[in-house]
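Asks: Sequence:
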Amino acid sequence: MSDDTVAPDDMPGSSPDSTPDSALDAVVEAATRSDLGMVLLTLGLIYIGATLLTFSDGLNSVVGLLRTLTFLGLVYALSALALNLHWGYTGLFNIGVAGFMAVGVYTMGIFVRSPDPAFGPPGLGLPLPIGIIAGMAMASLFGLVAALPALRLKADYFAIVTLGISEIIRLTLQSSAFDTALRETLAVGTGGGRGMGMPDNPVRALFLVDGQAGTPTPLGEFVFGLLGESGLGIANNILIGWGYIVVLGIFLVGFYVLLERLGRSPFGRILKAIREDELVADSLGKNVDLIKIKVFMIGCALMGLAGILWFGSQGNVSPTPQFEPILTFYIFVAVIVGGSGSNTGSVLGGIVFAAVLFEGPRRVGAVLRDTIDAPTPPTFADAVLSFDPTSMLAFATDNIAPLQFVLLGLVLIFIMHRRPQGLLGDRIETAAAIDLSGRAGDHGGERDE
19 MSDDTVAPDD MPGSSPDSTP DSALDAVVEA ATRSDLGMVL LTLGLIYIGA TLLTFSDGLN
79 SVVGLLRTLT FLGLVYALSA LALNLHWGYT GLFNIGVAGF MAVGVYTMGI FVRSPDPAFG
139 PPGLGLPLPI GIIAGMAMAS LFGLVAALPA LRLKADYFAI VTLGISEIIR LTLQSSAFDT
199 ALRETLAVGT GGGRGMGMPD NPVRALFLVD GQAGTPTPLG EFVFGLLGES GLGIANNILI
259 GWGYIVVLGI FLVGFYVLLE RLGRSPFGRI LKAIREDELV ADSLGKNVDL IKIKVFMIGC
319 ALMGLAGILW FGSQGNVSPT PQFEPILTFY IFVAVIVGGS GSNTGSVLGG IVFAAVLFEG
379 PRRVGAVLRD TIDAPTPPTF ADAVLSFDPT SMLAFATDNI APLQFVLLGL VLIFIMHRRP
439 QGLLGDRIET AAAIDLSGRA GDHGGERDE
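The opening position of the sequence shown corresponds to residue 19 in my numbering, with each subsequent residue numbered one higher.
Incorrect hints may have been included.
Computed list of lysine-lysine pairs in DSS-like fashion (alpha-carbon distance at most 30 Å, straight line) [what the hints assert, rightly or not]:
| id | residue 1 | residue 2 |
| --- | --- | --- |
| 1 | K310 | K290 |
| 2 | K172 | K312 |
| 3 | K310 | K172 |
| 4 | K290 | K172 |
| 5 | K304 | K172 |
| 6 | K290 | K304 |
| 7 | K290 | K312 |
Simulated DEER-style distance windows between Cβ atoms [claimed, not checked]:
| id | residue 1 | residue 2 | range |
| --- | --- | --- | --- |
| 8 | G182 | L244 | 49 to 55 Å |
| 9 | L159 | R282 | 24 to 30 Å |
| 10 | K172 | G211 | 31 to 37 Å |
| 11 | L237 | T389 | 19 to 25 Å |
| 12 | P407 | G182 | 41 to 47 Å |
| 13 | V265 | K304 | 33 to 39 Å |
| 14 | A253 | E185 | 38 to 44 Å |
| 15 | L237 | L162 | 39 to 45 Å |
| 16 | N305 | G232 | 55 to 61 Å |
| 17 | R282 | P167 | 27 to 33 Å |
Worth flagging that the hints you see were computed from the coordinates, not collected in a lab.
Glycine residues also receive a C-beta, built at the ideal position from the N, C-alpha and C atoms.
Starting from the given sequences, assemble the full structure and let the hints guide the process.
Replies: Structure (structure tokens):
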């Protein structure tokens, strides 16, 4: 035989690097090289986990859960992006996010609702696009009103003021006296503590005539015939919900592109300078107060739009419990998990928080509750002292809501200790508008005097 005979280990395809495990590692490594890859990989893992969790319940359960997780991930990502403009870019510790979201969605409702009081709190009866613009403008105006006194304060004091303003907004919208005053003076209302009905989701009109159950539109006939109850078997309402998911995805891309361009602009670099050292930015001749007012108004407008897209699609809004301070806390957790100052991190943090920390424990607890055949101890002490893992698990699944806060606390402690910059934080930022990393000698400039 010739000395050039190829050994089996050298044959193409026989290398250890071509095993399935190494191929999977290569895919993961390729996905984690970019921020977009990280987001898509995380979303894929969440989808796989959700599918395995509800696979035995049928197709509708799987698709419905995926729709719920995607919706929550998108709306939390939208809200986190708006907050990241305040906190991540400028260092403004705004913990009144829920209040500005409430202003946006309530203003939209007042502008769009029918003027007839027989259908609930009267409105102005204007088209939905005008209502959305008005909601953003009103949230921005409230941001201006809040910024004028609050921006004279620093750090914790600024946070306390924004929280107070948010609570004033919520309690005012909840007040029946305020609702009565609006009806008597402006012929519009908020509904007080009962809340306000929102207009029909316009996405429904793409699938159903007049947006109501019944006759489908040509697009509805195609989608329902292919994937709906007469086709693949998915409920029509779930498919309509996925249509709204597409709309949210478009808005998320718009948010992301807008904030990325703003962050890379000269205005964005001033924001980061203010975040790092406000005194230095002021000493360089920048009108720090005016810039902070501008960015606060922009961020509040985006929060108002996020509130419209989130709660405006829910059919009814009420000040309590939808706009309580806990909502702001959740959005802050999303930003912290993803990485403050990173737009992609805000998107990733919103998805991870919504699917893994917020909705995930509830779904896992529901599945475990159906599979565990054991009595539930009445108290935590009884569960621990029983020394029975099954009883402890039964107690945990029946008390998943309070235990979620324990989980959130543990996650925050871990992140603050091990990775305080978040999953995608701590990025190298360009200080100039153009890339100056190349050396002059690379372009013949080495002979310049």
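Asks: All hints are to be evaluated individually against the structure, with a verdict given for each.
Replies: Checked hints:
| no. | hint | in the structure |
| --- | --- | --- |
| 1 | K310 / K290 | holds, 11 Å |
| 2 | K172 / K312 | holds, 17 Å |
| 3 | K310 / K172 | holds, 12 Å |
| 4 | K290 / K172 | holds, 16 Å |
| 5 | K304 / K172 | holds, 18 Å |
| 6 | K290 / K304 | holds, 12 Å |
| 7 | K290 / K312 | holds, 14 Å |
| 8 | G182 / L244: 49 to 55 Å | holds, 52 Å |
| 9 | L159 / R282: 24 to 30 Å | holds, 28 Å |
| 10 | K172 / G211: 31 to 37 Å | holds, 36 Å |
| 11 | L237 / T389: 19 to 25 Å | violated, 41 Å |
| 12 | P407 / G182: 41 to 47 Å | holds, 46 Å |
| 13 | V265 / K304: 33 to 39 Å | holds, 38 Å |
| 14 | A253 / E185: 38 to 44 Å | holds, 39 Å |
| 15 | L237 / L162: 39 to 45 Å | holds, 41 Å |
| 16 | N305 / G232: 55 to 61 Å | holds, 57 Å |
| 17 | R282 / P167: 27 to 33 Å | holds, 31 Å |
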